[in-house]
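Fit chain B to the supplied structure of chain A, relying on the hints for placement.
As you go down the protein sequences, you meet chains A and B in turn.
Quick note on numbering: the working numbering labels position 2 of the first sequence as 51, and the sequence is numbered without any gaps.
Quick note on numbering: the working numbering labels position 397 of the second sequence as 398, and the sequence is numbered without any gaps.
Treat the hints as calculated values from the structure; they're not laboratory data.
Yeah, the Cβ is synthetic: ideal placement off N, Cα and C, and Gly gets one too.
Wrong hints could be hidden among the right ones.
What the hints assert, rightly or not - Looking from chain B toward chain A, a few residues come up when the C-beta cut is under 10 angstroms (computed):
| hint | residue |
| --- | --- |
| 1 | 94 |
| 2 | 97 |
| 3 | 178 |
| 4 | 183 |
| 5 | 190 |
| 6 | 191 |
| 7 | 199 |
| 8 | 211 |
| 9 | 215 |
| 10 | 221 |
| 11 | 224 |
| 12 | 229 |
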Amino acid sequence: MTTATLETPNQTKPAKQKVILCEGNEAAALGVALARPDMVAVYPITPQSSLVEHVAKLIADGRMDADIVDAEGEHSVLSVLQGAALAGARTYTATCGPGLAFMFEPYFRTSGMRLPIVMSIVTRDGITPQSVWGGHQDAMTVREVGWVQVYCETVQEVLDTTIMAFKIAEHHDVMLPVNVCLDGNYLSYGTSRVELPDQAEVDAFMGVKDVNWHVALDPLRPMAVDPLTGGSGGKGPSTFVRYRKGQCRGMQNSLRVIEEVHEEWAQRFGRRFAPLVEDYRLDGADYAIMTLGSMTGAAKDAIDEARDAGKRVGLIKIKTFSPFPVDALLKSLEKIQALGVVDRSVGFRWNCGPMYQETMGVLYRLGRQVPSMSFIGGLAGADITVGHFHRVIEATEKLLTNPAPTEPAWLNERD
Amino acid sequence: MGRGYNTIAFDAAKCDGCGDCMTACATAKTGTEDKTRSRIQIVGSGDDGFELALCRQCGDPKCVTVCPAAALTKNAESGVIEWDAAKCVDCLLCTIGCAYAGIALDSGTGHVAKCDTCDGAPACVPACPHDALTYITTSRIYNEVGGWEDLFTPGLAGCQGCNTELLMRHTLRRVGPDTVLATPPGCVPGMGSVGFNGTTGTKVPVFHPLLTNTAAMLAGIKRQYKRVGREVNALAIAGDGGASDVGFQSLSGAAERNEQILFMVVDNEGYMNTGMQRSSCTPYGAWTSTTPIGRGSGGMPAQGKTQDAKNLPLIMVNHRCEYVATASTAYMEDFYDKLGKAIEASKRGFAYLHVYSPCTTGWRFPTDQNMEVARKAVETNFVTLWEYTPNEGLRLTRPVDDPMPVTEYLKAMGRFRHLSPDQISHIQGKVVENLAFVKQMIHRSSV
Chain A
50 MTTATLETPN QTKPAKQKVI LCEGNEAAAL GVALARPDMV AVYPITPQSS LVEHVAKLIA
110 DGRMDADIVD AEGEHSVLSV LQGAALAGAR TYTATCGPGL AFMFEPYFRT SGMRLPIVMS
170 IVTRDGITPQ SVWGGHQDAM TVREVGWVQV YCETVQEVLD TTIMAFKIAE HHDVMLPVNV
230 CLDGNYLSYG TSRVELPDQA EVDAFMGVKD VNWHVALDPL RPMAVDPLTG GSGGKGPSTF
290 VRYRKGQCRG MQNSLRVIEE VHEEWAQRFG RRFAPLVEDY RLDGADYAIM TLGSMTGAAK
350 DAIDEARDAG KRVGLIKIKT FSPFPVDALL KSLEKIQALG VVDRSVGFRW NCGPMYQETM
410 GVLYRLGRQV PSMSFIGGLA GADITVGHFH RVIEATEKLL TNPAPTEPAW LNERD
Chain B
2 MGRGYNTIAF DAAKCDGCGD CMTACATAKT GTEDKTRSRI QIVGSGDDGF ELALCRQCGD
62 PKCVTVCPAA ALTKNAESGV IEWDAAKCVD CLLCTIGCAY AGIALDSGTG HVAKCDTCDG
122 APACVPACPH DALTYITTSR IYNEVGGWED LFTPGLAGCQ GCNTELLMRH TLRRVGPDTV
182 LATPPGCVPG MGSVGFNGTT GTKVPVFHPL LTNTAAMLAG IKRQYKRVGR EVNALAIAGD
242 GGASDVGFQS LSGAAERNEQ ILFMVVDNEG YMNTGMQRSS CTPYGAWTST TPIGRGSGGM
302 PAQGKTQDAK NLPLIMVNHR CEYVATASTA YMEDFYDKLG KAIEASKRGF AYLHVYSPCT
362 TGWRFPTDQN MEVARKAVET NFVTLWEYTP NEGLRLTRPV DDPMPVTEYL KAMGRFRHLS
422 PDQISHIQGK VVENLAFVKQ MIHRSSV
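Chain A on its own, in the form it takes in the complex (with noise of 0.2 angstroms):
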């Protein structure tokens, strides 16, 4: 299974949940409790805070038997959790913005060491223009540094995606850090109905904790983390190499593991989730627009009623952004002749979204010409209403009869 569709669950038993009212940071707060991590380390940030604030108060309730760490930074909060999983612990931590600007330097070496940390990002624009708005820049600005990142619709995806990421990063073919992605704003403080899932069938979920097998600080089997390597010959380099093509190795795993986890939840659990890449109503479609993230669902509307006035649009959802889903987003564009993506940041470097430029290089591998178009909105907290959305399915289809501009389309820009 490459792609998918939302469809009925087809869950083989009830499983045992409660419903309950929150907001997404709070889901994911709940999401991390219900996966049993050793140890938490902290440090608030808004649009993030608030689910720190839950986690802390999920531990001192006692309904989290977990380790907190008030830290002085997030550059420290990620260095604790090295140690921490190095000595063998599950661990979480959050952050966004400028505080995973501060702890890029670990945030670097996370991936480097195998370490299999997970991370909520509740994206946020970059500054400067001074901004404490949503916005997909910061979890874009380092979409190349070995981390799996994951980014999510709504709020019960949070909490579903937070235990999974778990599992995926433990998983011994990665044993990579995993980001999961929420929306500032949309989704962090965004209030929805959520069911809940029950400890003892997340507990038969997860299995058994297996964290520093590959790499630990421990006296009773010593070893030395990151020797140096390099130098101009000899096993240095091959050292060296052969470190960086298994993190390549690991990041290309992930994407079978991805979909192994979410087949497992959904039979589990009843919710099924798109893994890599999620095709909506794009069977019979002439073109799709492409999203990520909460915008999906005002999008998803805009789509349903453009073919309710008769246009051949469909949407092609991407969930997983690292590593880029390459095959299965080739499935899904050799169904369509033109194709509109939005991104809720901008890649400086090619005048476009980052999102449109990744798919570009899978444009590419398709083999054959597919007009496209690069569309920014949502930067700094801006809504992309349906209306917005209404646009971009115009212009996308414009690309099936005129020439592409190689300019992007700015959606907030005068309203």
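Just chain B, lined up with the frame of chain A:
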């Protein structure tokens, strides 16, 4: 591993030749007050001073070698040269063999007699009214440490004459095998502690943290072992740059949270492993590769670092850590005492040790002068040795009441060679001011 033994030491400057030691020895050994029968003899040195004639309990004793009757043997346990009356043939060859006049004919018995240290409690030592005699016990460290496992591998690649390797080996022997060791980028891993290309330089789990996050990573390790009920020491051996500059935030944060780790800074006053650049622990006036000497511009010559060093250990005192101390590689007894206390303190909370360790390469002095430079730093009060606990406050562990002028320290190395008289007087002024500041803190913390 050889052994070191205790011995009686003599300070000629304090001796006035009163002979009380000889009386005490004669009393103890012969039951008379006949000084001629004393086994310790104080004799005139010819320049109005006095010299000591006493058995040195030599490691390679000539008296033993020359004895034809095997009446003299060295006790491997106590180190004392023992005389066996039953075997002695009274030939007196031993009295000729000894260069120290340490064995001589006892007129009262007709046999030779020599010092046996009164089984480790020599009667002469407490009898001296001027403290000219002391029973030296420095070899305790040598003997004790020699029995512990060296947890670094042989052949670490420190610079010639570097004291840091010695310090590291001593430290890890004492902290022991149930330890996770963090060595952030710098001389400590630079000489091979974490190894190269798949090898390791250490027998305990060891890692390179980032230069910036040593204390945070160690905190995570320690907390996880605590969580699962395992006693594991979390030890950092870091440089001054990674602690006082770019790593300061995580150090301060871990200290504020009172994480149960032992953080040791080896202060060689700069980024020596990277090529001797300035750190905030570099002292005023020092040449480094980023505070070079030159003609300057606008009539202002470049004369080394223009700011005073950051006093990191005092900053750590203000975190109210469980234990904070300064130490020097020239005073290992003092260091060991502090290391032991720091290990204990790290079981309760944050312990910080700041060890001044001269750098022969970066400070520009001959490779055989490291101990001498380290000692002069203390004896001029350029650095002060003290310890702090929350309950007992700050105290000097090795006060220097009559310090040498700071020039004795400065002229021992090339990095201060260019100093102007104004710069030297600035440094001397700071030495006085810094000591006054420490003493002020001693007063305040004891109130």
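Original post:
Does residue 97/B pass the interface check with chain A, least Cβ-Cβ distance below 10 angstroms?
Top reply: Because about 56 angstroms separates residue 97/B from the closest Cβ in chain A, which is outside the 10 angstroms limit, the hint is violated.
Original post:
Against chain A, with CB atoms and a cut of 10 angstroms, does the hint on residue 191/B hold up?
Top reply: Where the cut-off is 10 angstroms and the nearest Cβ of chain A is about 9 angstroms from residue 191/B, the hint holds.
**OP:** Double-check residue 199/B for me: the hint is only fine if its C-beta lies closer than 10 angstroms to a C-beta in chain A.
**Re:** holds, 6 angstroms
**OP:** Please verify that hint: residue 178/B, Cβ, nearest Cβ of chain A, below 10 angstroms or not.
**Re:** For residue 178/B, the interface hint holds, since the closest Cβ of chain A sits about 6 angstroms away, which is under 10 angstroms.
Subject >> residue 215/B as chain A interface residue, shortest Cβ-Cβ below 10 angstroms >> reply: holds, 8 angstroms
**OP:** So, residue 190/B near chain A? Judge it on the closest CB pair being under 10 angstroms.
**Re:** It holds, given that the least Cβ distance between residue 190/B and chain A is near 8 angstroms, below 10 angstroms.
Original post:
Does the nearest C-beta of chain A fall within a distance shorter than 10 angstroms of the C-beta of residue 211/B?
Top reply: Check passed: Cβ of residue 211/B comes within 6 angstroms of chain A, closer than 10 angstroms.
**OP:** With chain A as the partner, please determine if residue 224/B meets the hint condition of a C-beta pair closer than 10 angstroms.
**Re:** This interface hint holds because 5 angstroms falls under the 10 angstroms limit.
Original post:
For the hint on residue 94/B, does the least C-beta distance to chain A fall short of 10 angstroms?
Top reply: Violated - the Cβ of residue 94/B stays beyond 10 angstroms from chain A, reaching only about 56 angstroms at its closest.
Original post:
Once the shortest beta carbon distance from residue 229/B to chain A is found, is it less than 10 angstroms?
Top reply: holds, 7 angstroms
**OP:** Under 10 angstroms, Cβ to Cβ, is where residue 183/B needs to be relative to chain A, so tell me if that hint holds or is violated.
**Re:** holds, 9 angstroms
Original post:
Does residue 221/B pass the interface check with chain A, least Cβ-Cβ distance below 10 angstroms?
Top reply: Holds: closest Cβ of chain A sits about 3 angstroms from residue 221/B, inside 10 angstroms.
The structure shown violates the earlier hints numbered 1 and 2.
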